[in-house]
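Student: One letter stands for each residue in the lines below.
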Amino acid sequence: MRPGDPIAEYGAAIARELRFDAGLARRVRAEAEDHLLEALGRSGESGSRAAELEAIRAFGNPHELACAFAPGALQSLARRAAVVMALAVMVSFAAMVARSAWYGWMLWQANDQLRAASAIGVPADRVAFAISFVFALIALIYTMTRRAPPCLHADFGREIRRGIALGAIAVIALFAAIATEMILTGIRFATSEMNASALIPASLLGLEAMAAAGCTAYLGLSLRRLALTARFAGLD
Amino acid sequence: MEGEMLKGHLDMIVLAALAPGPSHGYGIIQEIKARSRGAFDLPEGTIYPALHRLEKNGLLSSQWTTAETGRKRRTYRLTRRGQRALSDHRALWQRFADAIGGLFGEKAHAAGRPNR
Chain E
1 MRPGDPIAEY GAAIARELRF DAGLARRVRA EAEDHLLEAL GRSGESGSRA
51 AELEAIRAFG NPHELACAFA PGALQSLARR AAVVMALAVM VSFAAMVARS
101 AWYGWMLWQA NDQLRAASAI GVPADRVAFA ISFVFALIAL IYTMTRRAPP
151 CLHADFGREI RRGIALGAIA VIALFAAIAT EMILTGIRFA TSEMNASALI
201 PASLLGLEAM AAAGCTAYLG LSLRRLALTA RFAGLD
Chain W
1001 MEGEMLKGHL DMIVLAALAP GPSHGYGIIQ EIKARSRGAF DLPEGTIYPA
1051 LHRLEKNGLL SSQWTTAETG RKRRTYRLTR RGQRALSDHR ALWQRFADAI
1101 GGLFGEKAHA AGRPNR
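Line by line, the protein sequences are chains E and W. Residues 1 to 236 in our numbering are what the first sequence lists, from first letter to last. Residues 1001 to 1116 in our numbering are what the second sequence lists, from first letter to last.
Treat the hints as calculated values from the structure; they're not laboratory data. Positions of the beta carbon are idealized from the N, C-alpha and C atoms, including for glycine. Do not rely on the hints blindly, as some may be mistaken.
Pair ranges (Cβ atoms, derived) [stated by the list, open to error]: (1) 41/E - 1100/W: 36 to 44 Å; (2) 1072/W - 100/E: 23 to 31 Å; (3) 57/E - 1091/W: 36 to 44 Å.
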């Protein structure tokens, strides 16, 4: 950036206004700078400060431009969160199926204590997982079918919050399912003769917990960005 | 032309400007100005949120290319869905314009009647 370069300064102003989405800020800044340089090149007035300022004026106010990007940014945010959540549920399901298959393959028998715990734990696990699956699916369909309006309004902000709330319910249910599985696995390990083969189900359970924790962290990040975008667009 | 009226039809205007072939933001705004004979004079940055929105909705695709000057440039093109959406917009607009034309025609006709 040359000192006092109006186009570079304008690009930086756009990036600052779009700070609620770093990737979008980089792309829009690059597109705006290319646009302005192209306009100057075509006018044959490259290097003229007055022409640069006129091109910037014709491009528009950075804050108004950023406000127009806010609906799309919110839509992307909610869609990514829904996809991450659906992936977490699928990873957990795959790990759960693999763990059950491993117990069967290793002929790992359940003792009386585990059978008693499973009588309550297994149905609870299934219900929690089913709730998680259903809510993740609803959140995914809901967020994918929302259309970003040209101008941000409170109704769209509410739709986005609803999508994230559906996702949050799915994550809570997923945690409940994983917690139940941890208890059952703990009982299984505590009441069995341990050997190296226990590492496989323990690792799979760890994978489930990591998927749920990663999903929670991503949802938390999404909520922070949602709040930042909503505050920027005056939807608070 | 009224800015708010233009904004309401911006997606259709952008799709129509891309109908001849792929273009970049500056090229699209110039196409809009030229084909509307200067009637559509929005702040130039206004089309970028529309381009991004149309891309997210699958009506446009885009990719970074390198301009003759060596600068990186985002080029947009209509997708099949975009072409279909443009045809739909065109048909809808034609019906609307015909209906409004009919209304205005009637008014002009009535205005031309001698007073009784």
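Student: Against this structure, judge whether each hint is valid.
Tutor: Hints, verified against the model:
1. 41/E - 1100/W: 36 to 44 Å: 41 Å, holds
2. 1072/W - 100/E: 23 to 31 Å: 51 Å, violated
3. 57/E - 1091/W: 36 to 44 Å: 37 Å, holds
Of the numbered hints listed earlier, the single one contradicted by the structure is hint 2.
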